[in-house]
Amino acid sequence: METRRLDLTPVLLLFGLLAFGLAGLSITDMFLPRPYDGVVLGKDRGSGLKVRKVIPDSGAMSAGLQPGDEIVGIGREVVRDAPHAARILNGYRIGDRVDYLVRRDGGLEELNLELGRRRIGDGSYFYICSLGFAFFFVGLFVLVRQPGLLTSQVFYFMCCLFLLFLVCWMRPASYSGIDAAVLSIGTSAFLLLPSAFLHFYMLFPRPAWLQEMDAAGRFRPVVWLFRRAWLWIYALPLMVFAASWAVSKLLGIRQPWLGDVPVTSWWLLALAMMAGLWALRANAQRIDRSRERRGVALVLLGSLFGLGPFVVASLLFPEKNGSQAFFVAGVMPLALVPVTFAYAIVRFQLLDIRVILRRSLLYTVTTALVTGLYAGGIAMFNAVFRDSRLVASGYFPIVLALAIVLLFDPVRRRVQRVIDRGFFAERARLQRAMLDLGEAMNAQADPAAVVRDLVERLPQILGFRFAALYLRRGDRLERTAGPAELPLHLPVLKDLDHFLERDSGLTRLDRMGSLLLRSPEVAHQVEVLRASGVRALADLASRRRRIGMVLFSGRRQASPLEEDESQLLQRLLDQASLALETGLLLEERTQQAELEREIEIAASIQAQLLPDRLRIPGGWRVAADCRPARIVGGDFFTQLPRPADAIVYGDVSGKSVSGALVMMAAHEALLSLTTAMDQVVPSRLFDLANERIYSLGGRRFVALGYFGTSEDGKRLRYLVAGQPPPLLRRLDGRVEELKLPDHRLPLGAMIDGRYQEMEIEMQPGELVLGYSDGVTDARSPEGDFFGEERLFDVVARTETQDPDRLVAEVLGAVDAFTRGELLYDDLTLVAVSRAD
Amino acid sequence: MRKTWWWISMVGVATTVALGVAGYALWSFQDEPAPWTTRSPKALEAFDEGIWNLSRFYFRDAVVQFERALELDPDFPMARLHLALLHEEGDPERDRLMEGLATVNAEGMTEMERWLLTYWLTRHGGDVEGARTFLVGYLEGRPDDAYARFTLCGDRWMAQDWDAADACYRKLIEMHPNWVLAQSRLGYIAMARGRFDEAEEHFLTYRYIAPDQAAPYGSLGQLLTIRGRYDEARDSLGEALAQKGDYCEAHVSRVRLSLMAADFDGADQAIDQLEGTPGCGFLVERGYVCDLRAWRAYLAGRTGEARKRVAVCRQDRSFASLLIHRMAAMGGDLAAAEAEEALAAEALASTDETDPAALLNEAILLHLQGVRTMVLGDWGKAAELLESADRLNNYWGLERAIFKLFNRLNLIYCLERAGRDGEAEALREQVEAVNPRYLEDYRLPDLEALAGGGW
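Top line first, the protein sequences correspond to chains A and B.
Our numbering puts the first sequence at residues 1 to 836.
Our numbering puts the second sequence at residues 1001 to 1455.
I should point out that these hints are in silico values taken from the structure, not numbers from a laboratory.
Backbone N, C-alpha and C fix where the C-beta goes; we use that ideal spot for every residue, glycine too.
Possibly wrong hints are sitting among the right ones.
What the hints assert, rightly or not - Below, a sample of chain B positions facing chain A; criterion: calculated Cβ distance under 10 Å:
hint: 1; residue: 1041
hint: 2; residue: 1045
hint: 3; residue: 1178
hint: 4; residue: 1208
hint: 5; residue: 1209
hint: 6; residue: 1210
hint: 7; residue: 1211
What the hints assert, rightly or not - Which chain A residues face chain B? A few, computed with CB under 8 Å, are given here:
hint: 8; residue: 75
hint: 9; residue: 80
hint: 10; residue: 83
What the hints assert, rightly or not - Cβ-Cβ distance ranges computed for the label pairs, FRET-style:
hint: 11; chain 1: B; residue 1: 1137; chain 2: A; residue 2: 238; range: 37 to 47 Å
hint: 12; chain 1: A; residue 1: 68; chain 2: B; residue 2: 1376; range: 53 to 63 Å
hint: 13; chain 1: A; residue 1: 97; chain 2: B; residue 2: 1282; range: 37 to 47 Å
hint: 14; chain 1: B; residue 1: 1231; chain 2: A; residue 2: 325; range: 40 to 50 Å
Required output: the full structure, derived from the provided sequences and hints.
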């Protein structure tokens, strides 16, 4: 296959669009309600307005106008040409009677005829139009499927020319204003058609003879010429036409014209056909595969028996041009060309396109149906509303055309279904299998089953040799399934991610040109994959996250995926992504549930560490409460075994599980040290605990507070390391912070503790409240802190000597402030009072 | 930013299109300026009416309208010019009118008026070639000026340069296929050259384009008369008169048709109608009607009556009469016949040899001499003279065509008498190809008498 790429596709598509529009305009124009005499003109505009055909039951027929007559005058005006005649006729209305001057058998006759409603298209023209559109759609699909291929481009161009030639050039010529323009366009298409044929045959299915000469280094000038010959090939017919025109105009040598072109152009067409068929044969001879050779032979036969009769009939029997016999012998066989081309391309995969026959058949049948509907609709309306103004309305055909357009798609779908069932059972099975696979994936809860579908069933269905699945694990992709030859891990590359995000669906490695130039990492990765036999890859991603990547080898058959296959594959990959994501989420949820259960256990254990009751002997009362911000927390309070009045409350850095673990460690350290010490001196206890926590490393801090009583039982001894200063509520309601030494860093902050114990004399009824910073850091829904001021206020307002009540009041105030929001930090309160 | 440019471009395009449409609308609704310069709208109206009549060959009506236009605006140069052109060359009135134009200030005139004036004044000054050169030069600069081309074609036409006139008119109808005067002229040129089918096609086209005009029916009637299709000719002439009852050319053609068809009663009626048509009084005055009656009598074999009539017709005439000469010659009054020939010779001598009329005058002289020689029994010499006359003559118009056929009739007689039966037969076939009924219907009593041994 020729692989040269030219960026002509947009231009060609535009040309095709124009050609399609012109053809449509030409056909639409034929149905516009205009006053019409019923004359179909011959195409040779140089020889006056020759009547080729008279429409039955028309005004012309009634007045006795006959084929072969020449219309000299209409409406008391001598007419120069068809557009002039059209202008005159447009000055009349349907039903008017008009005087004609007609030359017949060398004499002039005047006829008076009644103008009717225009209707010049007949069954044979509908056939021609269907043929033209069949050509066009076949060409369009070839181009769309293989846009970069020069052969496709030339084939498409040839099909567009065929469309114009058939629809415009073979249009039954009337006097319509656009007749001349349409016929000129048709003539231009006709002139260029032999060139397009020759050019196509030189390239199709590949320019083997040219390549052979090139490779052998033989006939270099010939090769050079043919490489650049196409411009000349297209210029030649125009030059011949111009020369013929110039000779006839300037030298007065008039050569015979046939169908608005000099007969030399016809001979050129015949020559180009012969040369083209020779090139085709030469290409076929150099093709090794007999399957391809058979395809080329079919194209050759299609051209010979499709075009041959038309050219021969036109050249040898010009007088029959436009007759029914010409239509049957010359025009009808033209259908062989698109049909044989399409069949050869499909059957023998000459252009690696298999949908063409399906599409061409589909569009031919649909076009025929739509055309039939249109014609039938018009005929029916004409019959039913013969005398109605509706039929004469200019809007009538437009509305009818819109209705047909609306009907087009449903009709096409139905036809598609029938054709698929009848001709493409294998394809239908493939599509069914892919749909089934998609449904199976949707139903899968087990990611392993989805993975199996992706790497085992999908390659089987689509004919890939293998597929592999890589799932994301952190910053790399891990091979979850696939051949062992492939790397176990692949790095996650941002450039590749962005590229795949944009280029959804299957991305061929050989279509990543610009990315490979931009990113050496991607280039390297692609190189590695290619060496392992990977030819394409597809992204697996859901809306929430990227899941991984599927790699595909080449297909067993050479053809790339077709459009509908690609769409199905994309849909399948989306379903696989969803299924995999669901599986992963399920897995994560299970792990989460297990973790939560363990945390609950931890919380229960932690709760058991907190004593149910605290007591300080010697007329002291104590109350405490602790609320973790999460299920488990880093705050605690406890009563040391020795001395009997010692109470410690703590707050470790971190919350939740990590906080809880450090809390447990601190709690355990305090208890074990207390047990180990002969005499428990709080400052010494804190120093030792500091050393142990500091030794844990990882910048873990534990803020502690200590309450005990003096030996006389009248003073409160306290030690604060990293905790907020405890508050003292005097009997008169004043609240003040207890004095603290300079060094009061939390445990674990510095290796050297140097903690200092303090004392304060308390009057009976006075209260001391120790608290962790979770109290002041509690936040309202608006984000405000509870703060020290509010705490002071609550303590001051609480006129009680009961530490339980004080703790309850403070907790109540915090709850009211946070209004049910989760605590920002664990919270601990310890209140102590001296009884009377 | 890109969007802004897009909008600017769109607005620019829309503005350009709108301005273009508005400009075109203004241009197309603008009244075309009148090509004729006059300060009087009524004079312009009358002038336009005159041109309309002119285009239909209604010359007398055109004269009336141009005169009226000139009365309304005595300084209307184009009315003066067109009125002058409707008078024959040499007519003092034409000279007077043209002289009035010589002093006209061309400033403020339209381009068309200026070239018309220049051309016709030059021509009137006798410099026909100079006028023609001027017109050709003007057309080189403006090849699409149809009226100038029509004038040039008229110049060729007047010079009876049929080839040039034919090419010129064809070019004109390529540009304007509905220019009826060109169709008419092409018909007459074809008729003059004996291409009767082609002439008929032009006249039919003319009739098709202008079915409300009398001229195409009249022209077609003449042609059909020449071709011997008398019934069709009669219908066509009848239609011409139905279109315009005072169309004198059609009346005259009807008389000639009846005479050709030997329908003498019909001829009488036609002559009566002609005489009774108010607009055709000038034909009576000029003696044409009298001539027709004399011919009618002659062809009907009423020689005496014919002789009396020609004696009173155009008593002070200065040109030769075929009938007077013929009756004189046949009656043996050779001196009278020679006197007629002298008149013909005088007419020939007074005609410039470049004047197309010279050929006709020469043909008349040769014919007269041929007839006299025939009476003398010198068949060979007579045939030679009549052959020469035949070569100089053509079928332009019914009157001239009748003369040509009449001359050929005499020639056939002479050839037969001279024993040149083959040539006589060939000529007979030629005449029959033109008019298969002519030799059968058009029987000359004097020739029959001569054939019988004496007149």
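Original post:
Does the Cβ distance between residue 97 of chain A and residue 1282 of chain B fall inside 37 to 47 Å?
Top reply: With Cβ atoms ~41 Å apart, the hint holds.
Original post:
Hey, does the residue 1208 of chain B contact hint survive, CB to chain A under 10 Å?
Top reply: holds (4 Å)
**OP:** Classify the hint on residue 1209 of chain B as holds or violated, based on whether any CB of chain A lies nearer than 10 Å to its CB.
**Re:** Holds, because the Cβ-Cβ distance from residue 1209 of chain B to chain A comes to roughly 6 Å (cut-off 10 Å).
Original post:
If you check the beta carbons of residue 68 of chain A and residue 1376 of chain B, does the distance land in 53 to 63 Å?
Top reply: About 58 Å separates the Cβ atoms of residue 68 of chain A and residue 1376 of chain B, which means 53 to 63 Å holds.
Original post:
Does the CB of residue 83 of chain A sit less than 8 Å away from some CB of chain B?
Top reply: violated (14 Å)
Subject >> Hint check, residue 1045 of chain B versus chain A [nearest Cβ-Cβ separation less than 10 Å] >> reply: Result: violated, 25 Å to nearest chain A Cβ.
Original post:
Close enough to count: is the Cβ of residue 1211 of chain B nearer than 10 Å to one in chain A?
Top reply: holds (7 Å)
Subject >> Supplied distance hint 40 to 50 Å, evaluated on CB atoms of residue 1231 of chain B and residue 325 of chain A >> reply: With Cβ atoms ~43 Å apart, the hint holds.
Original post:
How about residue 75 of chain A: closest beta carbon in chain B under 8 Å, or not?
Top reply: violated (10 Å)
Subject >> Hint status (Cβ of residue 80 of chain A to nearest Cβ of chain B, threshold 8 Å) >> reply: holds (6 Å)
Original post:
Is the shortest C-beta separation between residue 1041 of chain B and chain A less than 10 Å?
Top reply: Residue 1041 of chain B check fails; min Cβ-Cβ to chain A is 30 Å, beyond 10 Å.
Subject >> Given hint residue 1178 of chain B near chain A, where the shortest CB pair must fall under 10 Å >> reply: Cβ of residue 1178 of chain B sits 5 Å from chain A, so the hint holds.
In summary, the structure is inconsistent with hints 1, 2, 8 and 10 from the numbered list given earlier, while agreeing with the others.
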